[in-house]
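There are 2 protein chains.
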Amino acid sequence: MINQLVSKIQKTGAPIVVGLDPMMKFVPEHIQQAAQKEFGATLEGAAEAFWQYNKGIIDAIYDLVPAVKPQVAMYEQLGIPGMIAFKKTVDYCKEKGLVVIGDIKRGDIGSTSEAYAVGHLGKVDVWGKSYYGFDEDFVTVNPYLGSDGVNPFIKVCQEEKKGLFILVKTSNPSSGEFQDRLIDGKPLYEHVGEQVAKWGEQCMGDNYSYIGAVVGATYPEQGKILRKVMPKTFILVPGYGAQGGKGADLVHFFNEDGLGAIINSSRGIIAAYQQEKYASFGAANYADASRAAVLDMKEDIAQALASR
Amino acid sequence: MINQLVSKIQKTGAPIVVGLDPMMKFVPEHIQQAAQKEFGATLEGAAEAFWQYNKGIIDAIYDLVPAVKPQVAMYEQLGIPGMIAFKKTVDYCKEKGLVVIGDIKRGDIGSTSEAYAVGHLGKVDVWGKSYYGFDEDFVTVNPYLGSDGVNPFIKVCQEEKKGLFILVKTSNPSSGEFQDRLIDGKPLYEHVGEQVAKWGEQCMGDNYSYIGAVVGATYPEQGKILRKVMPKTFILVPGYGAQGGKGADLVHFFNEDGLGAIINSSRGIIAAYQQEKYASFGAANYADASRAAVLDMKEDIAQALASR
Numbered sequence: 001m002i003n004q005l006v007s008k009i010q011k012t013g014a015p016i017v018v019g020l021d022p023m024m025k026f027v028p029e030h031i032q033q034a035a036q037k038e039f040g041a042t043l044e045g046a047a048e049a050f051w052q053y054n055k056g057i058i059d060a061i062y063d064l065v066p067a068v069k070p071q072v073a074m075y076e077q078l079g080i081p082g083m084i085a086f087k088k089t090v091d092y093c094k095e096k097g098l099v100v101i102g103d104i105k106r107g108d109i110g111s112t113s114e115a116y117a118v119g120h121l122g123k124v125d126v127w128g129k130s131y132y133g134f135d136e137d138f139v140t141v142n143p144y145l146g147s148d149g150v151n152p153f154i155k156v157c158q159e160e161k162k163g164l165f166i167l168v169k170t171s172n173p174s175s176g177e178f179q180d181r182l183i184d185g186k187p188l189y190e191h192v193g194e195q196v197a198k199w200g201e202q203c204m205g206d207n208y209s210y211i212g213a214v215v216g217a218t219y220p221e222q223g224k225i226l227r228k229v230m231p232k233t234f235i236l237v238p239g240y241g242a243q244g245g246k247g248a249d250l251v252h253f254f255n256e257d258g259l260g261a262i263i264n265s266s267r268g269i270i271a272a273y274q275q276e277k278y279a280s281f282g283a284a285n286y287a288d289a290s291r292a293a294v295l296d297m298k299e300d301i302a303q304a305l306a307s308r
Numbered sequence: 001m002i003n004q005l006v007s008k009i010q011k012t013g014a015p016i017v018v019g020l021d022p023m024m025k026f027v028p029e030h031i032q033q034a035a036q037k038e039f040g041a042t043l044e045g046a047a048e049a050f051w052q053y054n055k056g057i058i059d060a061i062y063d064l065v066p067a068v069k070p071q072v073a074m075y076e077q078l079g080i081p082g083m084i085a086f087k088k089t090v091d092y093c094k095e096k097g098l099v100v101i102g103d104i105k106r107g108d109i110g111s112t113s114e115a116y117a118v119g120h121l122g123k124v125d126v127w128g129k130s131y132y133g134f135d136e137d138f139v140t141v142n143p144y145l146g147s148d149g150v151n152p153f154i155k156v157c158q159e160e161k162k163g164l165f166i167l168v169k170t171s172n173p174s175s176g177e178f179q180d181r182l183i184d185g186k187p188l189y190e191h192v193g194e195q196v197a198k199w200g201e202q203c204m205g206d207n208y209s210y211i212g213a214v215v216g217a218t219y220p221e222q223g224k225i226l227r228k229v230m231p232k233t234f235i236l237v238p239g240y241g242a243q244g245g246k247g248a249d250l251v252h253f254f255n256e257d258g259l260g261a262i263i264n265s266s267r268g269i270i271a272a273y274q275q276e277k278y279a280s281f282g283a284a285n286y287a288d289a290s291r292a293a294v295l296d297m298k299e300d301i302a303q304a305l306a307s308r
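Line order of the protein sequences matches chains C and H. Numbered continuously in the working numbering, the first sequence closes out at residue 308. Numbered continuously in the working numbering, the second sequence closes out at residue 308.
Calculated from the structure, these hints are not laboratory results. Please note that a few of the clues may not be correct.
Copies of the same chain look alike in the list, so a pair counts if it fits in one copy or across any two.
Unchecked claim - Capping the alpha-carbon separation at 16 Å, the derived lysine to aspartate or glutamate pairs in EDC-like fashion look like this:
| id | residue 1 | residue 2 |
| --- | --- | --- |
| 1 | Lys-25 | Glu-114 |
| 2 | Lys-155 | Glu-95 |
| 3 | Lys-123 | Glu-44 |
| 4 | Lys-94 | Asp-135 |
| 5 | Lys-129 | Glu-44 |
| 6 | Lys-25 | Asp-125 |
Produce the complete structure using the sequences and hints provided.
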């Protein structure tokens, strides 16, 4: 799957992943009204609105980008109907040929981590028959519990030829509270990064490991260091756009081959029509605004990489 | 909710939480067969087997213990049907008067953590109507992302009078890889414990905070230290029984008032009938075996506390 991700990045020229993180305030009025008319003011109605909103965006951008990253929390807040919308979104993106990174940030130990891995990446055995639960291509994983928590995910990735992005240095302001604390003269995130590189060695695709890392765009200096600590690790970079990261901040996350990183933007793309810059599209054409925002982001990153 | 948990512990005399972590190998043949007959070898069939299995156990133990802790991963691995079984289990336990600790180990940032908090503890607004997604009483939270990740959970807890158990020192063998690393002469878990105590100060019930901590029974020495670092924090202690923790290991997790800790056992209770000690119950009476195992565990903890 990492080879597929790399080849799709090369084909599209866009090291970009679109975060499908729906919030009702982003969903255009006409979609909200149609969903409410059909299902009423219910969880089913809200889930339908999310799904129709996603579908419009996916249809508008699937040929431009290699991957999408649905954030499961946004769906999980709607209970069962939300989880159904999550699954519909994952399935539809895969139909459209997109690589799907499930942003689930799960992490537990032993048989529990195994259950998460099976549920999101692998197949569960039911009396001799096999079923996928949610069937993403990659998932994000929290490393706080150590190898016991990560190894079951790695095992399923090896079986299914799928992959992980493990949290190393997150994009939020308070990520330093624990992640930046110095241990033997080096911050915790660097130790985690070293461990990710080690886990990744047993899981190599052609040029990159399918055990990747998450490092926030909002911390470019740390990205520079981690790029060196984890040379064969693909880095998923959240925090571009709405969280304050810019194209120029991103260059150090990439290797000399122009690969090694994939930049996420969520509301900057999916709610583009609400920005002044794309307001002329109007809510009715929100998906076209998203398409324009992807093209602009692609250009911003390409320019930054060209001028480094 | 922390007051309710404390009063239920005092009423039952059992500082015990039963982990409802179903695995098919624990489910008695007759339940598996009935579910398969009704739904075939499908995810729905497996989910039905888990639910019926849980229901038997809940009916047999609800008067003995204050709380249960369903592990969402075990349900999530069955996709949507599994999540439906999770919700059914949560709802049924609440009907029976049990405090429900959702073992979800979620943790993200900002609006994403808020979505998890809303989905599992709070209410989501759908066009002016409010709905609970999964509606547990407490959830477990991963602190790796710092305050940005935890504060949205705290906010929802304050609104809903619910609570958290934040991972501090987990019970697994490799928990030390990151959690034990020394920072300014103290292990990371102690720093996290201090932060949990600080978060908890703003969230006091009568005698304990509703922001609790998770500390594994397999690390009694660390439990002793953390008990002092977090005097007002309720500690959820996994690792008793199957993971190797014994009654005698547990005494240091409790305060002088005999409170402050709640001990989890999962397979030691729910799969008791598979142990030699309870084999005479037989698979047909698996729930009675679970009841006997709860009574034995209660006795083991009471003896350990009496002889300290």
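What label fits Lys-123 with Glu-44 when the C-alpha limit is 16 Å: within, between, both, or neither?
So Lys-123 and Glu-44 pass the 16 Å test across copies only (15 Å; inside, 27 Å).
Can you tell me if Lys-129 and Glu-44 fall within 16 Å by alpha carbon in one copy, between copies, both or neither?
So Lys-129 and Glu-44 pass the 16 Å test across copies only (12 Å; inside, 30 Å).
First find the shortest C-alpha distance between Lys-25 and Glu-114 inside one copy, then the shortest across copies, and answer within, between, both or neither for a cut-off of 16 Å.
between (36 Å within a copy, 15 Å between copies)
Between Lys-155 and Glu-95, at a C-alpha cutoff of 16 Å, which is it: within one copy, between copies, both, or neither?
For Lys-155 and Glu-95, neither the intra-copy (26 Å) nor the inter-copy (39 Å) Cα distance is at most 16 Å.
If the cutoff is 16 Å on CA atoms, where do Lys-25 and Asp-125 land: within, between, both or neither? Let me know, please.
between (40 Å within a copy, 12 Å between copies)
From the Cα coordinates, with 16 Å as the cut-off, is the pair Lys-94 and Asp-135 best called within, between, both, or neither?
within (9 Å within a copy, 31 Å between copies)
In the structure shown, a violation is registered for the earlier hint numbered 2 alone.
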